[in-house]
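Asks: Hey, can you work out the whole structure from these sequences and the hints?
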Amino acid sequence: MGTVSTDTLTGSARTMTVWAGGLFAVVSAMHLLFFVGGSLDHLPDWVPGGPLWTSLSPGDTMGQPLAWFWLSVGSFAVPTLLLGLVLAGSARQGRALPGYVTWTLAVWTVVAALMVLPSGLPVLVVASGLLVAARLRR
Numbered sequence: 070m071g072t073v074s075t076d077t078l079t080g081s082a083r084t085m086t087v088w089a090g091g092l093f094a095v096v097s098a099m100h101l102l103f104f105v106g107g108s109l110d111h112l113p114d115w116v117p118g119g120p121l122w123t124s125l126s127p128g129d130t131m132g133q134p135l136a137w138f139w140l141s142v143g144s145f146a147v148p149t150l151l152l153g154l155v156l157a158g159s160a161r162q163g164r165a166l167p168g169y170v171t172w173t174l175a176v177w178t179v180v181a182a183l184m185v186l187p188s189g190l191p192v193l194v195v196a197s198g199l200l201v202a203a204r205l206r207r
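Just so we're on the same page, the numbering used here is the position in the sequence shown counted from 1, plus 69.
Just so you know, the hints here were simulated from the structure itself, not pulled from any lab data.
What you were told as hints is all true, and nothing was included just to trick you.
Computed Cβ-Cβ distance ranges for the label pairs, DEER-style:
no.	residue 1	residue 2	range
1	Pro117	Leu154	25 to 31 angstroms
2	Leu186	Arg206	28 to 34 angstroms
3	Pro117	Pro187	30 to 36 angstroms
4	Trp177	Asp129	25 to 31 angstroms
5	Arg164	Asp129	44 to 50 angstroms
The C-beta atom is built at its ideal place from N, Cα and C for all residues, glycine as well.
Replies: Dropping the structure here:
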């Protein structure tokens, strides 16, 4: 299993990583605020035994309660927010995360941004670009 890198971040690499982490956190928080606000009407459907938990057969379309769940608390926004905070916090302490974090985020954000427009994903592509640039400067 990978371990946290012992590489240190200084100068512009540190600054770029702090900014990248902040961008990941802000975009994720905005996503959550926007979609959680819109999903409040469906909250009663999310309780155990509610319509959210009925099984779908192949070919069935996703109902509104299920769609709103996956757009809000079931989305990648919560872990992406936490990842942004970890990136920024580690960089402030001068610690770099492993390279696979940088490259995985870069590939994921580019692919996702090409598939989902309009969205906040192009901002995450910029954040990933900052991470790649920071990694290459070390």
